[in-house]
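Residue-level listing of the chains:
2 protein chains.
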Amino acid sequence: MNLLLFSRSELGSDGLLSVDDGRLQHLLEVHGKEVGDTVRIGEINGRMGHGKVLSINTEVAVLEPTLDQLPPAKLPLILVLALPRPKMLRRILRAVAEFGVAELHLINSLRVEKSFWQTPVLDPDTIREYLLQGLEQSRDTVLPPVSCHRRFKPFVEDLLPDLVRGRQSLLAHPGNYPPCPRSTDSGTLLVVGPEGGFIPYEVAKLEAAGCKTVSLGPRILRVENAVTSLLGRLL
Amino acid sequence: MNLLLFSRSELGSDGLLSVDDGRLQHLLEVHGKEVGDTVRIGEINGRMGHGKVLSINTEVAVLEPTLDQLPPAKLPLILVLALPRPKMLRRILRAVAEFGVAELHLINSLRVEKSFWQTPVLDPDTIREYLLQGLEQSRDTVLPPVSCHRRFKPFVEDLLPDLVRGRQSLLAHPGNYPPCPRSTDSGTLLVVGPEGGFIPYEVAKLEAAGCKTVSLGPRILRVENAVTSLLGRLL
Chain P
1 MNLLLFSRSE LGSDGLLSVD DGRLQHLLEV HGKEVGDTVR IGEINGRMGH
51 GKVLSINTEV AVLEPTLDQL PPAKLPLILV LALPRPKMLR RILRAVAEFG
101 VAELHLINSL RVEKSFWQTP VLDPDTIREY LLQGLEQSRD TVLPPVSCHR
151 RFKPFVEDLL PDLVRGRQSL LAHPGNYPPC PRSTDSGTLL VVGPEGGFIP
201 YEVAKLEAAG CKTVSLGPRI LRVENAVTSL LGRLL
Chain D
1 MNLLLFSRSE LGSDGLLSVD DGRLQHLLEV HGKEVGDTVR IGEINGRMGH
51 GKVLSINTEV AVLEPTLDQL PPAKLPLILV LALPRPKMLR RILRAVAEFG
101 VAELHLINSL RVEKSFWQTP VLDPDTIREY LLQGLEQSRD TVLPPVSCHR
151 RFKPFVEDLL PDLVRGRQSL LAHPGNYPPC PRSTDSGTLL VVGPEGGFIP
201 YEVAKLEAAG CKTVSLGPRI LRVENAVTSL LGRLL
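In the order they appear, the protein sequences are chains P and D.
Letter by letter, the first sequence follows residues 1 to 235 of UniProt numbering.
Letter by letter, the second sequence follows residues 1 to 235 of UniProt numbering.
No lab work stands behind these hints, which were simulated from the structure alone.
Misleading hints may appear alongside valid ones.
Note that the list lumps identical chains together, so a pair holds whenever it fits in one copy or between two copies.
Said to hold, decoys possible - No farther apart than 20 Å at their CA atoms in a straight line, the calculated lysine to any residue pairs in the SDA-like style are these:
id: 1; residue 1: LYS153; residue 2: TYR177
id: 2; residue 1: LYS114; residue 2: HIS31
id: 3; residue 1: LYS87; residue 2: GLN133
id: 4; residue 1: LYS33; residue 2: ASN45
id: 5; residue 1: LYS33; residue 2: TYR130
id: 6; residue 1: LYS74; residue 2: PRO174
id: 7; residue 1: LYS87; residue 2: ALA102
id: 8; residue 1: LYS87; residue 2: ARG8
id: 9; residue 1: LYS52; residue 2: GLY187
id: 10; residue 1: LYS74; residue 2: PRO200
id: 11; residue 1: LYS33; residue 2: LEU159
id: 12; residue 1: LYS74; residue 2: TYR130
id: 13; residue 1: LYS33; residue 2: ARG111
id: 14; residue 1: LYS74; residue 2: ASP185
id: 15; residue 1: LYS205; residue 2: GLY32
id: 16; residue 1: LYS74; residue 2: GLY175
id: 17; residue 1: LYS153; residue 2: HIS50
id: 18; residue 1: LYS74; residue 2: VAL53
id: 19; residue 1: LYS87; residue 2: VAL223
id: 20; residue 1: LYS87; residue 2: LYS205
id: 21; residue 1: LYS153; residue 2: ASP14
id: 22; residue 1: LYS87; residue 2: TYR130
id: 23; residue 1: LYS33; residue 2: MET88
id: 24; residue 1: LYS114; residue 2: ASP21
id: 25; residue 1: LYS74; residue 2: GLY217
id: 26; residue 1: LYS52; residue 2: ASN2
id: 27; residue 1: LYS212; residue 2: ARG150
id: 28; residue 1: LYS33; residue 2: GLY217
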């Protein structure tokens, strides 16, 4: 926890922040904070700064917040991802928030197992929890929007063209395609397929919507490694 | 399992390969292979090709190997990594093999918890198992060498200068440094520190050995995400 995140509703009428959950445990056990110490804090979707520890014991810590910094800018990157298996989805949600991806769209594909759409990880509260873990890691406060699109065709035909407009739009796909570019000055939209890849019909639809198909090289990477290495390459 | 890996010692005197472990289960349950089908196979540290299924049942599968392909080239990249916590180490071992990193050196640092050196993950058989998982993913057969250096100073003073020679050598470190370059024509040596970063003494020693300190941007990434995004950026 590189940043203690809190919601505005957690502030008392005196403007003080009381924490009594896992964050308290972390302050005590990992950071060994005492009265008078300061802690990096951030209001979810708001400003960051520090909290001065006014009191702390095993029951509750009371912090006096000073919120004088803006959160870091998001990357100018929209990620469109075929819904991965739940275990990988958790890691990708954390990484999306950690890297500062601006938006995540989870889409369907023939090779997305239907059961993946039933995972409790897609519960909005659970998505939020994993995103918060990523924000805590990289010291950001702003939750990126995550949308689910359970039907491929309406997404690529009706929504994708608007997302593509004005952006370098790339579909990372295995095969003999030009290599993925190494940087991006303007905004980017990046599409990553399921394990096994999009089927040819889906590739054609994504290309028709304005995406350029690029290759990541001869190796088949796990989806999470493909995503993080593409982010490092593009940004 | 995108590639079924086997050891030379598993071949019978008739040159046939019998599998009766998790690989058999995978052939049956995930790939649904039957007699006459072919399977992508590779000899560990040897050639790749395909195996024709001569017989298969719930006890054993017998494959006739044709090994007519070289494994993919490794990346010209040596990774030097402060030993991460065991959970992350497992994922990094897989990723190192998956991306085709040429060599991995695990080193000590003041911020590496001493207990990390006791993890069973560092058992050579366990390291091998995680590396094999990465090779199976990206269809490679060659196990990258992994060395452990439990003392920082002898490593940076006695071994590192030889590794650095003739290579672009980069230390990815948080702070106000030039950004990490975006590609590498020659060989690269990449050093990544522990959670919390190398201490100033360690940074100075690494720089004295010939490493150039570079930044990954303002966000603090988890070690595994830092490594995979650096690989995507450099390669």
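Taking the hints in turn, this is what the structure says about them:
no., hint, in the structure
1, LYS153 <-> TYR177, "neither (24 Å within a copy, 45 Å between copies)"
2, LYS114 <-> HIS31, "between (43 Å within a copy, 18 Å between copies)"
3, LYS87 <-> GLN133, "both (15 Å within a copy, 17 Å between copies)"
4, LYS33 <-> ASN45, "neither (25 Å within a copy, 51 Å between copies)"
5, LYS33 <-> TYR130, "neither (25 Å within a copy, 38 Å between copies)"
6, LYS74 <-> PRO174, "between (28 Å within a copy, 18 Å between copies)"
7, LYS87 <-> ALA102, "neither (22 Å within a copy, 28 Å between copies)"
8, LYS87 <-> ARG8, "neither (31 Å within a copy, 34 Å between copies)"
9, LYS52 <-> GLY187, "neither (38 Å within a copy, 48 Å between copies)"
10, LYS74 <-> PRO200, "neither (33 Å within a copy, 29 Å between copies)"
11, LYS33 <-> LEU159, "neither (48 Å within a copy, 40 Å between copies)"
12, LYS74 <-> TYR130, "within (17 Å within a copy, 34 Å between copies)"
13, LYS33 <-> ARG111, "between (49 Å within a copy, 19 Å between copies)"
14, LYS74 <-> ASP185, "within (14 Å within a copy, 30 Å between copies)"
15, LYS205 <-> GLY32, "neither (54 Å within a copy, 30 Å between copies)"
16, LYS74 <-> GLY175, "between (31 Å within a copy, 19 Å between copies)"
17, LYS153 <-> HIS50, "neither (47 Å within a copy, 37 Å between copies)"
18, LYS74 <-> VAL53, "neither (30 Å within a copy, 51 Å between copies)"
19, LYS87 <-> VAL223, "both (11 Å within a copy, 19 Å between copies)"
20, LYS87 <-> LYS205, "neither (28 Å within a copy, 39 Å between copies)"
21, LYS153 <-> ASP14, "neither (52 Å within a copy, 52 Å between copies)"
22, LYS87 <-> TYR130, "both (12 Å within a copy, 18 Å between copies)"
23, LYS33 <-> MET88, "neither (34 Å within a copy, 26 Å between copies)"
24, LYS114 <-> ASP21, "neither (36 Å within a copy, 29 Å between copies)"
25, LYS74 <-> GLY217, "between (27 Å within a copy, 12 Å between copies)"
26, LYS52 <-> ASN2, "within (16 Å within a copy, 53 Å between copies)"
27, LYS212 <-> ARG150, "neither (23 Å within a copy, 47 Å between copies)"
28, LYS33 <-> GLY217, "neither (47 Å within a copy, 28 Å between copies)"
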